[in-house]
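Each of the two chains sits in its own frame; use the hints to bring them together as a complex.
Going down the list, the sequences are from chains A and B.
Take 1 as the starting number for the first sequence in the numbering used here and just add one per residue.
Take 1001 as the starting number for the second sequence in the numbering used here and just add one per residue.
These aren't lab readings, by the way, just hints derived from the structure by calculation.
Errors might be hidden in some of the hints.
[What the hints assert, rightly or not] Simulated coverage check for chain B against chain A, where a stretch passes if three residues somewhere in it have a Cβ under 8 Å from a Cβ of chain A:
(1) 1018-1026
(2) 1033-1042
(3) 1053-1066
(4) 1142-1151
[Stated by the list, open to error] With a straight-line Cα cutoff of 20 Å, these simulated DMTMM-like cross-link-like pairs (lysine to aspartate or glutamate) come out:
(5) B/Lys1024 x A/Asp75
(6) B/Lys1024 x A/Asp78
(7) B/Lys1046 x B/Glu1057
(8) B/Lys1024 x A/Asp62
(9) B/Lys1046 x A/Asp62
(10) B/Lys1046 x B/Asp1028
[To be verified] A short list of chain A residues far from chain B (calculated; beta carbon distances all over 10 Å):
(11) Glu9
(12) Thr25
(13) Gly54
(14) Leu119
(15) Ile131
(16) Gly149
(17) Pro200
Computed from a predicted model, the values in this text were never measured in an experiment.
In this text, a Cβ means the ideal position worked out from N, Cα and C, and glycines have one as well.
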Amino acid sequence: MTPRHHLNEATLVSFAAGALSPEMTAVAATHLEACRDCRDRLAHAERIGGLLLGQQQANELDTARRARLRHEMLDRLDESTQSRRDGTIQTRSLDVSPSDPDGLPQPLQAYFGPTWSALRWRWVAPGVHMIRAAHTSRDTLLLLKIAPGKSMPVHSHQGTELTQILQGAYDDALGHFSPGDAADLDNETEHQPITAPGMPCICVAAMDAPLRFPGWLARKLQPLVGL
Amino acid sequence: MSSIETHAKDAGYWAGQMVAVSCKRDRDSFMRIYDHFAPRVQLYLKGLGSSEAVAEELTQEALLRLWQRAELYDAARSGLSTWLFRIARNLHIDRVRREPQWVPVQDALERLDEPEDAGPSPAESYAEHADLRNRIERLPATQARLIRMSYFEAKSHQEIAGELGMPLGTVKSCLRRAFLRLQLGVRRGA
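Bound-form chain B, shown alone (with noise of 0.2 Å):
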């Protein structure tokens, strides 16, 4: 595995770019998520059903925003690719499928624990992370589907149903399996 690789598993690394945008509005650590990250960031917002310029166009304006919002970063708050996930999905929702009142709910949600405890250390967070992609790899398969489709297609339960001729029950209890299994490390490892 290249060096590269490495750090691009490394969530602590790209909070170290990240917190160097905030504090020193540092470009060169700017333009290394930006190298990493845009090409995702475009894949994520094409499948949500974009054409190839409205997910290039959103995705400059999602980065874009994480260097004029740097400021607002809080890397024991939520990891680098969290905030720029909520980001792009944000964008999409009010720009392509217009939703007027999505933004001001995620607004006023995120308000509401700002002033909160400061949660754990990065350090706590990075081995989380870790953590959680390994839980992710060995979703069984039925499970990694339903939750891909859910984040990457943005399909209903109704939906996910109709496409896969599950019952919508059976949607329901297979992503609320995946979630809970997802969640485990997050309460039993603290």
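Pulled out of the complex, with its shape left as it was, chain A reads as follows (with noise of 0.2 Å):
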């Protein structure tokens, strides 16, 4: 699997410095675990910010309190060298094994549970389900499954909607979209996805924004989706 669409750089950016919501972050990073260009250039931009670290005029704390947080470093050197022995890198179990078919993408398990086959999908429109995350910041997170060959509403957003898609296929006016793609969207884009025959897509999105819907119908879908 190897991504044709990926992350925009303000994105990629946003990440590095620890600017995405957690929300963004978690569909960001599903797809930055698929695609090892986007790893690069993610790279590239915590590059930047060791720079921007090194580089700041810093200013002279009064020299008795550096004193005094240099020696305390000085006696803690000494207490983890002795301590260093029984493993000091912690790193937390993941509740399924990465190679599972059946687990989530890691990122995607916080919010969803850790396995495809636990998901309680919900009814929300004709060949629409939907999980949305509870516990989130202000953004949205949404796990959708729109039915093969079904046509959504055009819809435009107040705000970034940046979606992975997890399975299945869609197409819009921005082109083809298959697992490991991510579409990063704005405010400037409106668009009309149509889902590929053969299976249901699933996807995952995060918005900052409410969407917007026009026409009669995308009215009446709006308070049923929520949105």
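Spelled out as structure tokens, the structure:
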């Protein structure tokens, strides 16, 4: 799976800077797991961060305080040399192994649970199922499952919508999107995805403002979908 | 320019100090790194919104991690300041913003590329480092401002747009252009 649609550079910069919301981070990280190209660009964005950190003009703390901190650090070096052998690097274990075909991408597990099979889809409209993540910050995070060959209402965004395709595929004016691809859209994009035939299209989407649907059908759908 | 300043600007110098820490657990080298970087890390953490006391505590912890995990340092993979930037950023998001998903996601991403090719030689990466520094200094004012608001204040695109009265699309395209400008040398200079 070599993705053809990537994260916007502005998104990579904000990911590296720690400036994305947790929900945007989860979707961006799902793409990054699948995309070596974006991981290389992320490494560059982190180099920029390192360089800016090193370039800061550090103002002088008062010398007494700095000396105390320095002394404290020297003491802690001794302590940690002693405790170093008993495994200082903790890694948090995952609920499912990354190779388990039933496992959801790791960045999504905290929001939707560890496995595909345990997902509890909710019907929202003909051919459309959804799960909305609970416990989110101000942004919205959704899993969407759209039946094959289905046309979604034309919609635009007030803010940013970041989508990662997990299964199936869709087409819109921007091209063909299949598993591994990211659609990184802002408020200047109006689009109408049509899912490919064969299998449902499942994607995960984070958005930082409500969607806007023009037209009467969409206006009826909007309260239903609750976006 | 004093010799200390010359050293301070030399990514190779700091990588060398770090190699001494990771191979020989050299305390003098570590304390040279500490003296130079601790005030900078502290300033960065304060900029992200921590109080003086919290920034001070997290700075100590960030530098201690550098000591504890020194054997994981790979000069060919990242400069010392990049490594420290990642440690400080991760501590801030984990402890201050309390986003428990952040660290596991970072760890998982990092593991993906571990056994890969060795990357550029240290000498190449120091040259790239100097080139990147020049490019940052030559960024147009607006791009430089958006880059600083992103890295030093962790502002989202929406927040930047709101604060500067710019359309969201302009913020994104401006950040994008800044990144591409800073990337040019890496791609073409090799």
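Hint check:
no.	hint	result
1	1018-1026	violated (count 1)
2	1033-1042	holds (count 8)
3	1053-1066	holds (count 4)
4	1142-1151	holds (count 4)
5	B/Lys1024 x A/Asp75	holds (18 Å)
6	B/Lys1024 x A/Asp78	holds (15 Å)
7	B/Lys1046 x B/Glu1057	holds (11 Å)
8	B/Lys1024 x A/Asp62	violated (32 Å)
9	B/Lys1046 x A/Asp62	holds (17 Å)
10	B/Lys1046 x B/Asp1028	violated (27 Å)
11	Glu9	violated (4 Å)
12	Thr25	violated (7 Å)
13	Gly54	violated (4 Å)
14	Leu119	holds (18 Å)
15	Ile131	holds (17 Å)
16	Gly149	holds (32 Å)
17	Pro200	holds (26 Å)
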